[in-house]
Amino acid sequence: MIPFAREYAISVTDLEYSYPDGTKALRGVDLKIRRNETVAIMGPNGAGKSTLALHFNGILTGSSGKVEVMGIEVNKKNMRKVRDIVGLVFQDPDDQLFSPTVREDVAFGPLNQRRSPERVDHDVSRALAWEGMEGSEQRSPHNMSFGEKKRISVATVLAMDPEVLVMDEPVANMDPRGRRAFLELIKVLEGTKIIVTHDLGMARELCDRVVLMDKGLVVADGRPAATLSDEVLLEKHGLI
Amino acid sequence: MRHDFIDRYSRLESPVHALDPRAKAIALFAVIIACVTTPANVWWPYAIYAALVLIIANASRLPFSYLLTRMLVVAPFILVVAVCVPFMHGTGPTYDLGVFSVTQGGLLVLWNVAAKALISVSCLILLSSTTEFADLMHGFERLHVPQFFTTVAAFMYRYIFIIIDEAERMKRARDSRNFRGRWLWHIKVIGHMVASLFLRSQERAERVYQAMSARGFDGSFPRWKETHMHAPDWAFMGIVTATALAGRLVVLWK
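Respectively, the protein sequence lines represent chains E and R.
Be aware that the first sequence starts at 1, since it is given in our numbering, and climbs by one per residue.
Be aware that the second sequence starts at 241, since it is given in our numbering, and climbs by one per residue.
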């Protein structure tokens with residue numbers, strides 16, 4: 001049975017993308033992600049994982065192919081709606097956090113959604129509390145540790161109540177305790193979660209599904225238990 | 241790496257810190273304008289300006305050693321003028337100092353530059369050290385400074401230390417491979433470093449913009465909350481501005 005379009009949180013059809021210098025980053029990606037699924041996108045450096053993630057809310061748009069979010073096509077006209085649905089957490093928290101204070105950064109998304117000041121105040125404290133960072137509203141990101149910045153980065157996106165949360169390398173460079181705390185947090189979050197990562201342990205623990213990419217293509221797609229125990233496959237695509 | 245920020249004392253608690261940034265900005269800029277337009281040959285208005293600065297500095301509970309160190313930034317300029325004094329042919333009597341002689345006119349120029357520079361700079365130090373940078377920028381915005389300037393300044397404040405860190409890391413990586421940068425041909429290496437620092441900053445700018453767009457940024461910064469000036473803010477602004485202007489205007493009438 002073919003599910004309705006709205007059953008898919010993200011649906012990517014034959015997506016191709018080349019960087020301005022001509023490098024082909026995506027060579028026809030097909031991927032359907034169901035609502036409330038937690039999916040790990042894995043693969044070696046340069047496989048096109050981050051490039052694909054940037055297509056999920058229209059930061060990049062492919063040279064051919066189609067991306068749909070909750071049944072809405074990602075194009076210029078729908079951009080605002082798409083970015084309300086899909087929240088993207090970037091790899092480097094210093095890219096994500098640009099404001100002088102934490103409060104302004106967390107409020108930035110909700111304010112762009114034209115929410116009222118009272119609602120924004122509420123959103124900010126809720127998102128910070130969720131990340132265990134309550135009381136840090138007035139601090140500056142540049143005085144914070146890497147782990148703290150990372151948590152604030154996630155809060156800036158959670159404050160917008162995205163239905164789909166996309167995270168690029170969320171635990172890279174985190175210390176073990178930070179990583180553990182982060183995994184616990186993601187576990188209890190509701191909604192569709194897409195995690196770009198090299199961390200096999202995290203994929204096993206958190207995800208319902210692992211999508212393996214290499215050289216701009218999806219090369220494997222399945223349950224973590226099956227995909228991540230296929231040593232020949234992992235070896236071939238540089239994950240072990 | 242931790243850095244020394246220009247607003248590192250901005251979280252102290254004092255009556256000056258508690259004032260609205262707009263009140264502080266207007267009052268201190270009034271002192272600066274009055275000071276730089278006062279003629280050099282009357283000294284007592286400068287005493288008024290200096291007294292204002294000292295009173296505010298004292299009320300702000302900033303460490304005086306910190307204020308003095310920060311004021312050293314104007315020292316080179318004053319020094320340059322001081323070196324030139326013997327070569328100035330001003331009016332008035334000449335004082336013979338052995339090897340060279342100075343004129344009264346020359347000394348007046350030195351006094352003028354030193355007094356104006358020190359008072360103006362201490363006003364700016366007081367403003368930036370008693371106000372958090374973000375509040376200062378919002379204050380300027382509410383005073384109708386174009387958002388373009390305040391945004392550029394805010395980005396600069398946020399990213400300058402990240403860029404310095406990047407430069408520092410590059411320097412360490414370079415030095416650990418035994419680079420000492422003493423000879424002329426090393427200039428090429430330094431050129432490459434500057435170029436790659438520029439490229440990295442540009443790439444970062446691109447990523448920051450992407451991250452902003454991902455959160456629905458469409459080119460205009462959303463306004464948040466308006467704060468209101470209260471009685472102490474008006475009083476501070478009124479008294480400081482009036483005193484500075486009085487000093488300036490009395491000279492005019494004489």
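Careful, some of the hints might be misleading.
What the hints assert, rightly or not - Not the full set, but computed from the structure, chain E residues with beta-carbon under 8 Å of chain R: (1) D14; (2) E16; (3) Y19; (4) L88; (5) D95; (6) Q96.
Said to hold, decoys possible - Cβ-Cβ distance ranges computed for the label pairs, FRET-style: (7) E253(R) <-> A181(E): 52 to 58 Å; (8) D21(E) <-> S441(R): 17 to 23 Å; (9) A172(E) <-> A482(R): 39 to 45 Å; (10) D30(E) <-> H384(R): 31 to 37 Å; (11) G459(R) <-> N78(E): 14 to 20 Å; (12) A172(E) <-> D415(R): 24 to 30 Å.
Derived by calculation from the structure, the hints in this document are not laboratory data.
Glycine residues also receive a C-beta, built at the ideal position from the N, C-alpha and C atoms.
Comparing the hints with the structure gives:
1. D14: Since the shortest Cβ distance to chain R is 24 Å, the answer is violated.
2. E16: violated, 20 Å
3. Y19: violated, 12 Å
4. L88: Since chain R brings a Cβ to about 4 Å from L88(E), closer than 8 Å, the hint holds.
5. D95: The hint holds - D95(E) has a Cβ within 8 Å of chain R, the shortest such distance being about 4 Å.
6. Q96: holds, 5 Å
7. E253(R) <-> A181(E): 52 to 58 Å: violated, 33 Å
8. D21(E) <-> S441(R): 17 to 23 Å: Hint holds: Cβ distance 19 Å, inside 17 to 23 Å.
9. A172(E) <-> A482(R): 39 to 45 Å: 58 Å Cβ-Cβ, so the 39 to 45 Å window is violated.
10. D30(E) <-> H384(R): 31 to 37 Å: violated, 53 Å
11. G459(R) <-> N78(E): 14 to 20 Å: holds, 18 Å
12. A172(E) <-> D415(R): 24 to 30 Å: holds, 27 Å
Going through the hint list in order, the structure does not satisfy hints 1, 2, 3, 7, 9, 10.
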